[in-house]
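Asks: Chains as they are written, first to last, in the numbering used here: chain A, 1 to 166; chain B, 1001 to 1240; chain C, 2001 to 2173; chain D, 3001 to 3557.
A portion of the hints provided could be inaccurate.
Stated by the list, open to error - Straight-line alpha carbon distances no greater than 30 Å define the calculated DSSO-like cross-link-like pairs of lysine-lysine that follow: (1) D/LYS3054 x D/LYS3145; (2) D/LYS3231 x A/LYS58; (3) A/LYS157 x D/LYS3477; (4) A/LYS109 x D/LYS3529; (5) D/LYS3297 x B/LYS1187; (6) D/LYS3183 x A/LYS102; (7) A/LYS102 x D/LYS3477; (8) C/LYS2073 x D/LYS3185; (9) D/LYS3130 x A/LYS26; (10) D/LYS3390 x B/LYS1059; (11) B/LYS1187 x A/LYS15; (12) C/LYS2070 x D/LYS3529; (13) D/LYS3477 x B/LYS1059; (14) D/LYS3183 x A/LYS15; (15) A/LYS58 x B/LYS1059; (16) D/LYS3297 x A/LYS26; (17) D/LYS3390 x A/LYS26; (18) B/LYS1187 x A/LYS84; (19) A/LYS102 x D/LYS3185; (20) B/LYS1187 x A/LYS114; (21) A/LYS54 x B/LYS1187; (22) A/LYS114 x D/LYS3130; (23) B/LYS1187 x A/LYS80; (24) A/LYS114 x A/LYS102; (25) C/LYS2073 x D/LYS3390; (26) D/LYS3297 x A/LYS80; (27) D/LYS3185 x A/LYS54; (28) D/LYS3477 x A/LYS114; (29) D/LYS3477 x C/LYS2070; (30) A/LYS109 x D/LYS3477; (31) D/LYS3046 x A/LYS58; (32) D/LYS3130 x D/LYS3183.
Read the hints as simulated data drawn from the structure, not as lab findings.
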Amino acid sequence: MSLYAERPPLPSDDKRWRIVNGTMRKHGYSRNALIETLHTVQSSFGYLDEPSIKFVAKSLRVPLSQAYGVVTFYHFFSLKPPGKHTCTVCLGTACYIKGSDKLVVETEKLLSIKAGQTTADGEVSFTTARCVGACGRAPVVLLDGELSGQVGVAELKAQLERWVRQ
Amino acid sequence: MSAEANIRTLTIDEVDVSARADQTILEAAREHNIEIPTLCHLEGLSEVGACRLCLVQVKGARRLLPACVTRVEEGMEVTTHSPRIDRYRTMVLELFFAERNHVCSVCVANGNCELQTLALRLGMTHVEMPYQYPQLPVDASHPRFTVDHNRCVLCTRCVRVCGEIEGANTWGVMGRGAQSLVITDLKEPWGESETCTSCGKCVQVCPTGALFEKSRAGMRAQKHPEFLPYLRIMREGEQQ
Amino acid sequence: MSETKTLATVWLDGCSGCHMSLLDMDERLIELSSQFSLVYSPLVDQKIFPDHVDVTLVEGAVASDDDLRKIRKIREHTRVLVSLGDCALTGNVSAMRNQCGPGPVLLRVYSDGQKAPSMGVPALLDRVQPVHEVVPVDVFVPGCPPSADTIYRVLAELLAGRVPTLEGVAHFG
Amino acid sequence: MNAEELQQLAAEARDERPQFDYEVNVCMGTGCLSQHSDRVKNALEKEAEISGRKCHVRRTGCMGLCAAGPMVLVEPAETRYGHVHEGDAQEIVASLGGDPVARLDPQLRGYFEGQKHVVLENSGHIDPEKIEEYIARDGYEALVKAVTEMSPGQVIEQIMKSGLRGRGGGGYPTGLKWDTVAKVKGAQKYVICNGDEGDPGAFMDRSVLESDPQRVIEGMAIAAYAIGAAKGYIYVRAEYPLAVQRLTVALQQARRRGLLGSGICETTFNFDIDIRLGAGAFVCGEETALIASIEGKRGTPRPRPPYPAVSGLWGAPTLINNVETFANVAPILRHGGEWFSSMGTARSKGTKVFALTGKIQRTGLVEVPMGMTLRQIIFGIGGGVPDGRKFKAVQTGGPSGGCLPEEHLDLSISYDALISAGSMMGSGGMIVMDDTSCMVSVARFFMEFCMTESCGKCVPCRAGTVQMYELLTRITKGVATHRDLDRLTDLCEVVGATSLCGLGQTAPNPVLSTLRYFRHEYLAHIDEKRCPAGVCEIGTGHPADSAEVTVAGEVHV
């Protein structure tokens, strides 16, 4: 038995774990690489679940409580899998002044969920953003990651209805 | 370096005081029996400067400074109490009381709680702000201890003692802002923690009734954080 | 010696422990009774709150619409309003239901299929409030209950025409 | 690379240009890309090829006027087109050398007149993914000069002389900061570029990183030379994928050209930069929180002192400047500190980039000399408030700033003037509001922001922002009392005075400034149960309907 804890094996054969491992290796399995690695997990898998946090934490020798603390501190990280489609309404000041709060209300009504949730059928995730830095085009909505500017309520509703109906 | 070169003279509340250069205002004040209220500070643990109760006025400084982390300087003029500072401290204390469910009368720490004692000392007779009444869990899964988040003030003493003294790093903080919570491991039930050594240090350093020993829940049990500085001194001695 | 002042005590949503503590003053009650006349209290047989009261001690939080009506009327007719004890000051145990609202509490109590009565009993407010959230309060006396010594001190100070200071004397709980 | 090689490279890159009679630049910043400027570029390329004219179609970064996107700039005529579609390509190419296409000019002139581009001098003119184009416009001249001809002390002297102050918000003198870090002894030092542009409504850092990333890299390298650092980090928001991508490319190119790495300019100076991604936490704009985040921890700030200059990243002396600050460094060294300090006001030198947004005709990025008035920017450059509505307020400084009313429109912009008016420079967001905005709601909006972005470490910020948010909510609901207003004022004072970091210390500012200039709106909500802007949904005014409201609403102290 080794005195030092060995790095845990990859959780599964899933190729994406090798990408995750690659990020950690690039940083020499340093504790500092925690956030970078979590970014890789999230971009590979879409979200972070308990086994993946545990795997990363143990690989980097970060205490579990600290890893969980980091994951839940940053709003960019999600503990739940995203829906098939994502709709993000920007709530930056410029967008707010241009009425993006109404877009939020309408979206929540149409999808019957609150911001931060996914529809029961797993079709659409709805989130809000603090500012995506496209204030010149306010109000801004990200549909499946694609930025649309000067979005009206009717336009957004039409797109969401298309997704819901599918 | 000579011993004199390491000594700083300053005034605290117009009293001439001398202190070692590596001492904080708080240490210097307490050595001279000048009381500055604290909550997150605990001798033997690192400082976080989070509770803001030890803020003092230093002449020439633009802002109030936390006495627990501010080092003494030659010629410093420190004021620990003034109507303004006292008013701020009381309001900060009110914020503590209003943010969670501190119901002293039915709390296991009633009579031995640092938050309760601070309210008494600072003359906080009531809370001007509306209470938040958040719904917070109580985790009694550990065979010996319980964590009641309703009484937690997020001082992070448990987190620090667990990491710095016990080295288990079982405790951490999750979330942010008003949603912050102290957690064990991946927010798993304390009783199922794979890292907790059940040493109980966190319970002893907890200033309120957030962490308590089940066996003494009804006994207004006193906590004993005094072990910390000794433990620290002993360990440092071993290393030398 | 000043002339006799009028004193009232009120019991809102609390356990009456503060009133017990008041009685705990024992022989000091006799001393005070020469300077105070008790004009309204659960301890005396007087149903109508007088038009003018010098000092009113309020025990308990504001939990029902009846409490609300009462405390407003009392405030109107009282010169010095004293919040007595933690329930009046913080909501205390009475306010613990604020974490879930009155619904689950009623459901728990009337769990045998009965409906909670709506006639003849005061309706619960959505939120239990400390007295000072509802009307202005002049003196705050923490404690669950405040000790007889504390209450005596408060009344003696008021009699002497001073605002009692309780810093370092009375604590919550 | 040495000075000669750099000059040679610059000359080569410049020589390429005469091959073309015309250059057609297409903005491919985030704003224009969202309006499919990539398709416009493809169409223009196709048309240029068909026409057989000597015309180079170039991808560039932001041209500033996002409202008129996609934007196209034709050089050398300096003709700007807005709202360009694929179908316009043929007409644009055909017009080269002749009269501009009149129908595509949405009166852009007013927007660019009066601006002075230093930070944005290359934005819209170069391809951000080609280091050669940056070098052709005197890029890296300053770094080579600094490293080969100047001592670190001389570099710092020029920065001091320039009077440059931190562009991230606080306005701390940059030269002084550099000098402090340079003087601290330490084998390992770090340079950090703060690109965690968290202020909602500000996007100049994103734009600079997308349009001219080499400029930031050069600025950082010069700083590293001046303070004696060998390692740098750029902390960028993960919400800015395009900026991250362009920065990644730029770093590779700079390394390949020997402008980063070891032995830069054949000297002993080594410096390299890594990118670190933010993960959605506004508080990480605070220096110590940013450092914690780079170290892979929760982004919570710690008390200062010790300042990062003494004990920063991994305890080493660390210099942290914002993107725009670094972007100013190369021009200062190229033209000298005096040149820079000849622009601006007595204590605020140079230019400042503002993100002009909200209820304004022309939204986008503007760069103007310090000292310009708000009126000149909003009504001159921005074209005023649209739809015949009335100007009400301009918000500057993000959640740490304030709202300034019409009376302050003639305020000439400087760090100190904005602070004395109750607002802040911040990173340069400028959000214009008209009479349809309710100022109490705006204050509440910012308080919600601070509340959710509070890290939770210190109680005044963690719990105080919640209390203030709830009080503001009560006011917008028309159930607040004067006692609530007093409480709000008290909380503003305490949270501002006792919070641990800048987030909490400045969180009350939007409330304080609206209370100062728009108190009547607060009073209308409280006394008349009325929202003057018609934004807040105030009930029937019969609080007796709800027991809870009764308790909260009727009592007057």
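Asks: If a hint holds in the structure, say so; if it doesn't, say that too.
Replies: Going down the list of hints, with the structure as the test:
no.	hint	result
1	D/LYS3054 x D/LYS3145	violated (35 Å)
2	D/LYS3231 x A/LYS58	holds (28 Å)
3	A/LYS157 x D/LYS3477	holds (28 Å)
4	A/LYS109 x D/LYS3529	holds (28 Å)
5	D/LYS3297 x B/LYS1187	holds (17 Å)
6	D/LYS3183 x A/LYS102	violated (53 Å)
7	A/LYS102 x D/LYS3477	holds (17 Å)
8	C/LYS2073 x D/LYS3185	violated (72 Å)
9	D/LYS3130 x A/LYS26	holds (26 Å)
10	D/LYS3390 x B/LYS1059	violated (47 Å)
11	B/LYS1187 x A/LYS15	holds (28 Å)
12	C/LYS2070 x D/LYS3529	holds (26 Å)
13	D/LYS3477 x B/LYS1059	violated (43 Å)
14	D/LYS3183 x A/LYS15	violated (49 Å)
15	A/LYS58 x B/LYS1059	violated (48 Å)
16	D/LYS3297 x A/LYS26	holds (18 Å)
17	D/LYS3390 x A/LYS26	violated (56 Å)
18	B/LYS1187 x A/LYS84	holds (28 Å)
19	A/LYS102 x D/LYS3185	violated (55 Å)
20	B/LYS1187 x A/LYS114	holds (24 Å)
21	A/LYS54 x B/LYS1187	holds (12 Å)
22	A/LYS114 x D/LYS3130	violated (44 Å)
23	B/LYS1187 x A/LYS80	holds (15 Å)
24	A/LYS114 x A/LYS102	holds (13 Å)
25	C/LYS2073 x D/LYS3390	violated (48 Å)
26	D/LYS3297 x A/LYS80	holds (21 Å)
27	D/LYS3185 x A/LYS54	violated (39 Å)
28	D/LYS3477 x A/LYS114	holds (21 Å)
29	D/LYS3477 x C/LYS2070	holds (27 Å)
30	A/LYS109 x D/LYS3477	holds (21 Å)
31	D/LYS3046 x A/LYS58	violated (54 Å)
32	D/LYS3130 x D/LYS3183	violated (36 Å)
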